[in-house]
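K.L.:
Listed below, chain by chain, are the residues.
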Amino acid sequence: MSEHPAITLTLPIRGMTCASCVSHVESALKEVPGVASVMVNLGTERATVQFANGSVPVEQLVTAVRDVGYDVPVETTTLAVSGMTCASCVAHVEGALKELPGVAEAVVNLGLGSAKVTYIPGVVTLGQMKRAVREVGYEASETSSGTEAIDRERQAREEEIRRQGRNLIIAGTIGLLVMLGTFYDMLGPFKAIVPEFLSYKWVLGLLTTPIVLGPGRQFFTNSWRGLRHGVTDMNLLYATGIGAAYGIAVINTLFPDAGFGGEGATFFESAALLTGFIVLGRWLEALTRGRTSEAIRKLMKLQPKIARVIRNGREEEIPADEVEIGDVMLVKPGEGIPVDGTVIEGYSAVDESMLTGESLPVEKRAGDSVIGGTLNKTGAFKFEATKVGKDTALAQIIRLVEDAQASKAPIQKLADWVAGHFILGVHLLAVLVFVFWFFLGYNLFFDPNSSFILSPYKLGAIGVFGFSLLLSVTVLVISCPCAVGLATPSAMMAGTGKAAEHGVLFKGAEAIENASKLQTIVFDKTGTLTKGEPSVTDVVISEQSSVISETDHWSLTTDHLLRLAAIAEKNSEHPLGEAIVRGAETRGLALVNAESFDSIPGHGVVAQVEGRAVLLGNRKLMRERSIDFSRLMPQAEQLEGDGKTVMFVAVEEEPAGLIAVADTLKEHSVEALRRLHQLGLETAMITGDNRRTAEAIARQVGIDRVLAEVLPQDKAEEVKKLQALGKKVAMVGDGVNDAPALAQADVGMAIGSGTDVAKETGDVILIKDDLRDVVVALETAKATMRKVKQNLFWAFIYNMLGIPLAAGLLYPFAALIISPELAALLMAVSSVTVTLNTLLLKRFRPSIRREDRPTRGAGRPQLQAAPVASGN
Amino acid sequence: MEHERVEREVARKAALIYLPMSIGAALLFLIAASVLGDYPTVARVGGAIWVGVLSLIVSMPMVTSRVKKQWRGKF
Chain A
0 MSEHPAITLT
10 LPIRGMTCAS
20 CVSHVESALK
30 EVPGVASVMV
40 NLGTERATVQ
50 FANGSVPVEQ
60 LVTAVRDVGY
70 DVPVETTTLA
80 VSGMTCASCV
90 AHVEGALKEL
100 PGVAEAVVNL
110 GLGSAKVTYI
120 PGVVTLGQMK
130 RAVREVGYEA
140 SETSSGTEAI
150 DRERQAREEE
160 IRRQGRNLII
170 AGTIGLLVML
180 GTFYDMLGPF
190 KAIVPEFLSY
200 KWVLGLLTTP
210 IVLGPGRQFF
220 TNSWRGLRHG
230 VTDMNLLYAT
240 GIGAAYGIAV
250 INTLFPDAGF
260 GGEGATFFES
270 AALLTGFIVL
280 GRWLEALTRG
290 RTSEAIRKLM
300 KLQPKIARVI
310 RNGREEEIPA
320 DEVEIGDVML
330 VKPGEGIPVD
340 GTVIEGYSAV
350 DESMLTGESL
360 PVEKRAGDSV
370 IGGTLNKTGA
380 FKFEATKVGK
390 DTALAQIIRL
400 VEDAQASKAP
410 IQKLADWVAG
420 HFILGVHLLA
430 VLVFVFWFFL
440 GYNLFFDPNS
450 SFILSPYKLG
460 AIGVFGFSLL
470 LSVTVLVISC
480 PCAVGLATPS
490 AMMAGTGKAA
500 EHGVLFKGAE
510 AIENASKLQT
520 IVFDKTGTLT
530 KGEPSVTDVV
540 ISEQSSVISE
550 TDHWSLTTDH
560 LLRLAAIAEK
570 NSEHPLGEAI
580 VRGAETRGLA
590 LVNAESFDSI
600 PGHGVVAQVE
610 GRAVLLGNRK
620 LMRERSIDFS
630 RLMPQAEQLE
640 GDGKTVMFVA
650 VEEEPAGLIA
660 VADTLKEHSV
670 EALRRLHQLG
680 LETAMITGDN
690 RRTAEAIARQ
700 VGIDRVLAEV
710 LPQDKAEEVK
720 KLQALGKKVA
730 MVGDGVNDAP
740 ALAQADVGMA
750 IGSGTDVAKE
760 TGDVILIKDD
770 LRDVVVALET
780 AKATMRKVKQ
790 NLFWAFIYNM
800 LGIPLAAGLL
810 YPFAALIISP
820 ELAALLMAVS
830 SVTVTLNTLL
840 LKRFRPSIRR
850 EDRPTRGAGR
860 PQLQAAPVAS
870 GN
Chain B
0 MEHERVEREV
10 ARKAALIYLP
20 MSIGAALLFL
30 IAASVLGDYP
40 TVARVGGAIW
50 VGVLSLIVSM
60 PMVTSRVKKQ
70 WRGKF
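Line order of the protein sequences matches chains A and B. Quick note: the first sequence, position 733, residue 732 per numbering that gives the first Met the number 0, numbers continuous. Quick note: the second sequence, position 61, residue 60 per numbering that gives the first Met the number 0, numbers continuous.
Just to be clear, a hint being listed does not mean it is correct.
Keeping only pairs whose Cα atoms sit at most 20 Å apart, straight-line, the calculated SDA-like set for lysine to any residue is [to be verified]:
hint: 1; chain 1: B; residue 1: K68; chain 2: A; residue 2: G335
hint: 2; chain 1: B; residue 1: K67; chain 2: A; residue 2: G335
hint: 3; chain 1: A; residue 1: K97; chain 2: B; residue 2: L35
hint: 4; chain 1: A; residue 1: K376; chain 2: A; residue 2: R310
If the Cβ cut is set under 10 Å, some of the chain B residues that face chain A in the computed set are [stated by the list, open to error]:
hint: 5; residue: L18
hint: 6; residue: P19
hint: 7; residue: A24
hint: 8; residue: A32
hint: 9; residue: V41
hint: 10; residue: G45
hint: 11; residue: I56
hint: 12; residue: V57
hint: 13; residue: P60
hint: 14; residue: S64
hint: 15; residue: K67
What the hints contain is simulated information worked out from the structure, not anything from laboratory work. Heads up, the beta-carbon is just placed ideally off N, CA and C, and yes, glycines get one too.
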């Protein structure tokens, strides 16, 4: 290898602060085999490395730098790649990018027509990446963001539809004439309206030539560009197929005695219709492919273009992307909210369903936050912008969905690998088929009266070479793995988009695949299954309270007891006391101030309320004050057995009752768990609470497995133990405290994160604080993976059935072979089947949303439009 | 620029391997067709060309990719 040219590479280095850092980095780099010289510059934070042997082990250099405590920064960019049509194209583009020194990772998405590249800035440039993509036969450009991107993408798609539509018209119209000419003898009475000269071989040749050189030219130019760089794709399959059919037809027309079958074997119609059907497939693909990425377009369209800003007391309409933080805006009924902000004046209901999946409009008043892209329904309000541009919730959601759609599921990696190697295998098979029919098959089985499937056309005098070539070409044409390439990404795009519509954000395709295989769902208790704050659950009145009633002319009810306790606790800062005050307020009880209040640390409070001495606290306090609660002890113990904390209340030194406080379940916890069980999943709860309390909650909600007394730092370990049992585990938590457990789980679900999705950990983000969205996530994941599997079935079944037929398996028995044009039609149908099957996912609705629909609007808060000063 | 130079060099080296392989496959077919049967010249030559073209298509990416891997470390 010594003859290889020397290569110089410049790496950016982060973390160097002094000359000794320079020395460390230089030493580390010099130890990498093959490095001839190293020069590290502290000022520019760069290392210039020269290799004597032409080899560039960039990964070793990066590892060497990182091993000594410094960093080589990487950046990520997304390129728009056009011209890709199948999984092998994906492999080629990824391969071309990964071969560039400095490219760490390249993930290509066929459906989106994008390549997400992680690279070392300075080592490789965007220009080099684009050139590398172009060199293997595709077009690459930098992507833009926001509405510009959507416009550009739509324009590119429309242009492709127009281009293939034009090709289809040319190939279809002329191809029809070629068909009429080819089958002239079989037209019967219709011969009168078809000119005879159309059947002349040279006329058929003249008609076919513009099809091959016009609409068919794209396959030759694309495959040639790839071949020059040693890559093969489906264009090559088509080019060899069309080229061979056309070449043989021309030779047999011009030189009928050349031995290729003569005039009886001029397959002009094969070349013409083959081109026509392939172009038809391309056109249908272009037409339907864009629809699978509709979710992103829908999200982008939510962004209002105009904002009504109040500046210097006047309303001004400005472009929404020019709104700055702190701007005050006015939103009228029916208008979209331009950016994120906080309501400062007015009252309205806002439809947030497009971002959160929440079916009912949400009330907004001063102090509430509003989300850009949502729709104001009833009133007008003013709000102050708090987040603009790429920081808004909508922008974050779009970015997350885009990232998810650009990622690859493990099943897709496998499909891409298969498809990438498939074409080489097919060419090898084409050689074997040719050799078999040339040396053996033709002599053994050929029958001049045999014909193509679905065609009256006889093979006639075709020679051994023509016949073998025909079968070989048909194998090439029928084997195109274009549908395989579309099967997974198109379903993933539709699935992630559908989930986003319902307020569930998958961070990657892998999360969808993993979510579809889950067996156990572990819930964090506090703040996930429960509200995370104690509240009053039970109020029990003592029978002895009647004594108090008679003497005081005062009837004690549960509300009275709660009110007395709340007044006593009004000045308390203890969480249990606060829960009692909240409980009383929730029931609309008027709370006056206590005449006196004294806290008894660790025990309770004593207060004078409306002339009565109220004692509130634990049983120890009551014992110390010699107040006999023995009659209420059975109820107290039962409540404690349910995991509740019991407060004893005495009035005028007499036992008055009990107030039980507990962390209560969230509204939809029970239903969510019930549905998870219906899906056949095991559920577990993880909590730091004692086992009795934990089991009480578990009983209420219907949890199968309780993991109690687990310290926060040990939650991940518990998840690991479940995984060690061979279970696929999801962890559902609040995304902040449970981060290690979310990361450890096969799928981490961060719930109730609101719309500040960027900072969340976890593979799945549930925007709303609604546990039923776990079910939505799982049902969507399962539906998506079902679609992926169906698509892969449809993609492979055509090849599995088609290839043996194309290779002539039926011929010895039925004297029938598939014509190249029928092969092309089957392949076009294969791609279209897959795309249409994916589009069916658009109709999917999670079970909960299906049930929500009829109740939409019912119980909607009746809001009055509140007048807001316009600023004028 | 070094990247392009390496690309050219890899392409040249790879061609020195896959072209003889493809031509060899074509010649093998020609010899087999001449020895094993009484095939017309056009069929023998046409078949050899077709086998040669397909062999080229199969061997070209395989050889090029292998030569590239040998040539430089991958990231």
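K.L.:
Name the hints, by number, that the structure is in violation of.
P.N.:
Violated hints: 1, 2, 3, 4, 5, 6; rest satisfied.
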